[in-house]
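Engineer: Produce the entire structure from the sequences given, and follow the hints as far as they go.
Residues per chain are reported as follows:
Number of protein chains: 2
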Amino acid sequence: MPEGRTGQGYGGESLLFLTDEQLRQGIEAMFFAYRGFTADPDRILAELSYGRAHHRAVHFINRSPGTTVNNLLSILGVTKQSLNRVLRTLIGDGLVISKVGELDKRERHLYLTDQGAALEATLSDAQRARMRAAYKDAGPEAVQGFKKVLEAMMDADMRRAYAKLRD
Amino acid sequence: MPEGRTGQGYGGESLLFLTDEQLRQGIEAMFFAYRGFTADPDRILAELSYGRAHHRAVHFINRSPGTTVNNLLSILGVTKQSLNRVLRTLIGDGLVISKVGELDKRERHLYLTDQGAALEATLSDAQRARMRAAYKDAGPEAVQGFKKVLEAMMDADMRRAYAKLRD
DNA sequence: CTTGGAATGTCAACAACACTGACATAAACT
DNA sequence: AGTTTATGTCAGTGTTGTTGACATTCCAAG
Chain D
6 MPEGRTGQGY
16 GGESLLFLTD
26 EQLRQGIEAM
36 FFAYRGFTAD
46 PDRILAELSY
56 GRAHHRAVHF
66 INRSPGTTVN
76 NLLSILGVTK
86 QSLNRVLRTL
96 IGDGLVISKV
106 GELDKRERHL
116 YLTDQGAALE
126 ATLSDAQRAR
136 MRAAYKDAGP
146 EAVQGFKKVL
156 EAMMDADMRR
166 AYAKLRD
Chain G
6 MPEGRTGQGY
16 GGESLLFLTD
26 EQLRQGIEAM
36 FFAYRGFTAD
46 PDRILAELSY
56 GRAHHRAVHF
66 INRSPGTTVN
76 NLLSILGVTK
86 QSLNRVLRTL
96 IGDGLVISKV
106 GELDKRERHL
116 YLTDQGAALE
126 ATLSDAQRAR
136 MRAAYKDAGP
146 EAVQGFKKVL
156 EAMMDADMRR
166 AYAKLRD
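Residue numbers (my numbering), protein chains in the order written: chain D, 6 to 172; chain G, 6 to 172.
Hints may be right or wrong, so weigh each one.
[Unchecked claim] Here are the simulated lysine to aspartate or glutamate pairs, DMTMM-like style, with alpha carbons at most 25 Å apart:
{"hint": "1", "chain 1": "D", "residue 1": "LYS141", "chain 2": "G", "residue 2": "ASP25"}
{"hint": "2", "chain 1": "G", "residue 1": "LYS104", "chain 2": "G", "residue 2": "ASP119"}
{"hint": "3", "chain 1": "G", "residue 1": "LYS141", "chain 2": "D", "residue 2": "GLU156"}
{"hint": "4", "chain 1": "G", "residue 1": "LYS153", "chain 2": "G", "residue 2": "ASP172"}
{"hint": "5", "chain 1": "G", "residue 1": "LYS85", "chain 2": "G", "residue 2": "ASP162"}
{"hint": "6", "chain 1": "D", "residue 1": "LYS85", "chain 2": "D", "residue 2": "ASP109"}
{"hint": "7", "chain 1": "D", "residue 1": "LYS141", "chain 2": "G", "residue 2": "ASP162"}
{"hint": "8", "chain 1": "D", "residue 1": "LYS169", "chain 2": "G", "residue 2": "GLU33"}
{"hint": "9", "chain 1": "D", "residue 1": "LYS153", "chain 2": "G", "residue 2": "GLU156"}
{"hint": "10", "chain 1": "D", "residue 1": "LYS141", "chain 2": "D", "residue 2": "ASP47"}
For the record, the hints were derived by calculation from the structure and aren't laboratory data.
Quick caveat, the model's predicted, so the values are computed rather than measured.
Structural biologist: Put into structure tokens, the structure is as follows:
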């Protein structure tokens, strides 16, 4: 071994960051971090007898007001029956309204009511607070790397959906 | 604003990486990436009529052979009833064995059988393959940042558990 | 205009995985 | 001897996901 360059020097020639041990650490980090990622909204949702699925629906409706059910379906990656159950309760509770499409009357366009927007804000604030603290701790360079790795970890369709949401 | 340094320069003075928009992108990246993260093992598990909970149990038993039920409980962050349901099927299927503790006979120490180790390897290989590809794409610097942000995102107890696993 | 397909919604059944609460047992600690 | 700890188990419940079947509405092609 002529040049056994150890450490995680940024040269890129060293492949030590691709060892099974390093990968396992990353896998476990994802597992533990995702728990933290969802912990705060979960606590709020539990009090309202809602779940993560409601959070996700509300998040993406807020993100893209007027989105269709089908669109939401492909982003969330669940079956229409599963999404429909969630949407029904949200509509029933007055957090979401569904408008028949003008151009294509088969489509239902989804919007948050004021009440829905209020819930979304509460959940987002909690989740962003943790995210902000983590970003601040880690610094801007780390955040760049964080996003880069996450993006590379996505399925191709999800990467497309993610890119689309960023436009 | 005297020095309005734009971009994500690594100076650290610019706080543009802490805007709500940047945070939301990170949140969505976590959501989509976690889906990719679990997709490959999920496919394998579905064929065996196992679920993610089985994967997690097998992973951490492989990681720390001889670990006790209580220990596993605190790492996984679920109730003993939930874990027990999973362990019962794994033991019944001959993937895990539970040995009464020698020093403290109340404790059960958990080990993978050869068959259990084989499943763990199959699942790990799939998950590591995606992780490796993502790491390779993103590069060692990005990976460092990735881990740094994830660690900062964990709850304090999880960070401790994570650190302990790395010793 | 009729027919086929797409988008949506609904009903029913089921499985995985989490929860709470209650109770049992054995072993260890005080 | 009494309490705590570690574990296991039973019963019930809730969220979220799945399939399968079927109805409705509408667009578009023949």
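Engineer: Can the restraint linking G/LYS85 and G/ASP162 be considered satisfied, given a maximum Cα separation of 25 Å?
Structural biologist: holds (18 Å)
Engineer: Within a Cα-Cα threshold of 25 Å, do D/LYS153 and G/GLU156 meet the stated pairing?
Structural biologist: At roughly 16 Å apart (the allowed maximum being 25 Å), G/GLU156 and D/LYS153 satisfy the hint.
Engineer: Straight-line Cα separation of G/LYS141 and D/GLU156 no greater than 25 Å?
Structural biologist: Distance of about 12 Å is within 25 Å: holds.
Engineer: Given the hint that D/LYS85 pairs with D/ASP109, test it: the Cα-Cα distance must not exceed 25 Å.
Structural biologist: Given pair D/LYS85, D/ASP109 holds - Cα atoms ~19 Å apart, limit 25 Å.
Engineer: Holds or violated: G/LYS153 with G/ASP172, Cα cutoff 25 Å?
Structural biologist: holds (17 Å)
Engineer: Decide if the proposed pair is consistent with the structure: D/LYS141 and D/ASP47, CA atoms, cutoff 25 Å inclusive.
Structural biologist: holds (23 Å)
Engineer: Assess, step by step, whether the Cα of D/LYS141 is no farther than 25 Å from the Cα of G/ASP162, and give holds or violated.
Structural biologist: holds (20 Å)
Engineer: Is the straight-line distance between the alpha-carbon of D/LYS169 and that of G/GLU33 25 Å or less?
Structural biologist: Holds, at roughly 12 Å.
Engineer: Quick one, are G/LYS104 and G/ASP119 close enough, alpha carbons at most 25 Å?
Structural biologist: holds (16 Å)
Engineer: Checking one constraint from the list: CA of D/LYS141 to CA of G/ASP25, max 25 Å. Satisfied?
Structural biologist: holds (13 Å)
Consistency with the previously given hints is maintained throughout, with no hint failing.
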